[in-house]
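Number 337 marks the last residue of the sequence shown (UniProt numbering); no jumps.
Keep in mind that the hints were calculated from the coordinates and are not lab data. Errors might be hidden in some of the hints.
[As the list claims (entries may be wrong)] No farther apart than 30 Å at their CA atoms in a straight line, the calculated lysine-lysine pairs in the DSBU-like style are these:
#1 LYS152 <-> LYS32
#2 LYS235 <-> LYS7
#3 LYS233 <-> LYS259
[Said to hold, decoys possible] Derived DEER-like restraints, expressed as beta-carbon distance ranges:
#4 GLU211 <-> ARG14: 22 to 30 Å
#5 GLN204 <-> GLN49: 39 to 47 Å
#6 ASP242 <-> SER175: 36 to 44 Å
#7 ASP17 <-> ASP250: 37 to 45 Å
#8 ALA255 <-> GLN49: 21 to 29 Å
#9 GLU211 <-> ASP130: 26 to 34 Å
#10 VAL116 <-> GLY36: 36 to 44 Å
#11 THR236 <-> ARG14: 35 to 43 Å
#12 ARG231 <-> SER175: 43 to 51 Å
#13 MET173 <-> ASP17: 31 to 39 Å
#14 ARG231 <-> ARG207: 18 to 26 Å
Quick reminder that beta carbons are idealized off the backbone N, C-alpha and C, glycines included.
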Amino acid sequence: MQVQTKKIVNDGNRTVDEMLEGILAAHPRHLKSAEGSPRSIIARDGPRQGKVGLVIGGGSGHEPTFLGFVGKGLADAAAIGNVFASPPPDPILECAKAASGGAGVLFMYGNYAGDVMNFDMAAEMAAMDDIEVRTVLTTDDVASAPRDQRQKRRGVAGNFFIFKAAGAACDRMLSFDECQRIARKANDHTFTMGVALSPCSLPQTRRPNFEIGPDEMEIGMGIHGEPGIARGKLKTADEITDEMLDKILDEMAPARSDKVAVLVNSLGSTPLMELYIMNRRAKQRLDDIGVSVHATWVGNYCTSLEMAGASVTLMHVDGELQTMLDHPCDCAMFRAG
Numbered sequence: 001m002q003v004q005t006k007k008i009v010n011d012g013n014r015t016v017d018e019m020l021e022g023i024l025a026a027h028p029r030h031l032k033s034a035e036g037s038p039r040s041i042i043a044r045d046g047p048r049q050g051k052v053g054l055v056i057g058g059g060s061g062h063e064p065t066f067l068g069f070v071g072k073g074l075a076d077a078a079a080i081g082n083v084f085a086s087p088p089p090d091p092i093l094e095c096a097k098a099a100s101g102g103a104g105v106l107f108m109y110g111n112y113a114g115d116v117m118n119f120d121m122a123a124e125m126a127a128m129d130d131i132e133v134r135t136v137l138t139t140d141d142v143a144s145a146p147r148d149q150r151q152k153r154r155g156v157a158g159n160f161f162i163f164k165a166a167g168a169a170c171d172r173m174l175s176f177d178e179c180q181r182i183a184r185k186a187n188d189h190t191f192t193m194g195v196a197l198s199p200c201s202l203p204q205t206r207r208p209n210f211e212i213g214p215d216e217m218e219i220g221m222g223i224h225g226e227p228g229i230a231r232g233k234l235k236t237a238d239e240i241t242d243e244m245l246d247k248i249l250d251e252m253a254p255a256r257s258d259k260v261a262v263l264v265n266s267l268g269s270t271p272l273m274e275l276y277i278m279n280r281r282a283k284q285r286l287d288d289i290g291v292s293v294h295a296t297w298v299g300n301y302c303t304s305l306e307m308a309g310a311s312v313t314l315m316h317v318d319g320e321l322q323t324m325l326d327h328p329c330d331c332a333m334f335r336a337g
C-alpha cells in the first residue's frame, strides 16, 4: 500500500485558491486579482496606455512561475490554473483585458496542449472585445523533442529568461512587432535540461505521481513528471551537470568569446547547497570552452511542487538580449536592476 505524503494543506481542492489569498496578502504592493476573477492576477504597476501587454500563465505547482513574474518590467498579468492544469479561458480573458493598453497583448506560456487550447480560445474571445492578441510559445526543454521538431518541445525553467526578455521589451514601449520578435528570439536562444531524483505529489491525492528507485535518477524528466530520456543510477553532481550541459552545448554550439546567462533551478526540494555545486561545475565547463557568463541565477524559479531534482538553463545572449535581461523589473518574488 502506497503511503500518503505529508503536506501543510487544508482541503486539497482549495489549495490553489488559498495559496492565492496568501500571495495577495503578502504582496499587496505588487499584485491584485481582477474583480470577479480571483484566478486572474494583475500587476498593480504594469499595464499602461500605449504599452504592449504581456500575459503569462499555466498550472499551479511551479511557483514562483507564474505568479512571481508579475510586476513592473515583466508580466502584466498571469492566469492561474489548478495544480498542473491549464487555466480555463475566462481568467485568461480577464488578464488580457487588464493588460490591454491599446497596443496589443502578447500571450506567453509553455507548450502544453491544454494551455494552447485555452489560451487560443481566450485570444478569440479577446478579439471580440477588439483586443489584438499574439502568442509566443516557450519551447526550451531540450529533452522533450528532437532538434528538428523544436516546435513540439515543452516550456520549462527557461520561461524565466524568455518572459524576462519579453517583459523588458514591452516595458520599453517597443512596438507589438518588436515585442513579438524579441520574445521569439529569446525562446530560440534558450535551452534547458532537467534531472529528477524523486517524485512529487498532488495536494488532492498526496501520493507520488511517478515511481523512481532510491538510488536512481532520470535525466530529462518534465516538470509534471513526463518521462525523460534516460534513467539510471544516481551520479555525482559534476557527472549530472556534465550530462545535461553536453546536450545543451551540443545544440547551442557557442563559439569562444560568446556569452550566456545561466539559471540553475531547483525542482522543489533540492537545496541551494546542491544547486551551487552544480553552478560551480557549469562555470568550469563554460570557462573551459571560452564562453563567458553574463549573469547567473540560482534558486527556485520553476518548481514541481516538492520534486527533488534540478534543471540547468543557458540563454545564448547577444547585446540585445543582454539589455533585456538587465532591464529593471519589480515583481513579488523576483527583482532585477
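Hint check results:
{"no.": "1", "hint": "LYS152 <-> LYS32", "verdict": "violated, 34 Å"}
{"no.": "2", "hint": "LYS235 <-> LYS7", "verdict": "holds, 29 Å"}
{"no.": "3", "hint": "LYS233 <-> LYS259", "verdict": "violated, 33 Å"}
{"no.": "4", "hint": "GLU211 <-> ARG14: 22 to 30 Å", "verdict": "holds, 28 Å"}
{"no.": "5", "hint": "GLN204 <-> GLN49: 39 to 47 Å", "verdict": "holds, 42 Å"}
{"no.": "6", "hint": "ASP242 <-> SER175: 36 to 44 Å", "verdict": "holds, 42 Å"}
{"no.": "7", "hint": "ASP17 <-> ASP250: 37 to 45 Å", "verdict": "holds, 43 Å"}
{"no.": "8", "hint": "ALA255 <-> GLN49: 21 to 29 Å", "verdict": "violated, 43 Å"}
{"no.": "9", "hint": "GLU211 <-> ASP130: 26 to 34 Å", "verdict": "violated, 50 Å"}
{"no.": "10", "hint": "VAL116 <-> GLY36: 36 to 44 Å", "verdict": "violated, 26 Å"}
{"no.": "11", "hint": "THR236 <-> ARG14: 35 to 43 Å", "verdict": "holds, 42 Å"}
{"no.": "12", "hint": "ARG231 <-> SER175: 43 to 51 Å", "verdict": "holds, 46 Å"}
{"no.": "13", "hint": "MET173 <-> ASP17: 31 to 39 Å", "verdict": "holds, 35 Å"}
{"no.": "14", "hint": "ARG231 <-> ARG207: 18 to 26 Å", "verdict": "holds, 20 Å"}
Violated hints, listed in ascending order, are 1, 3, 8, 9, 10; each of the other numbered hints is respected by the structure.
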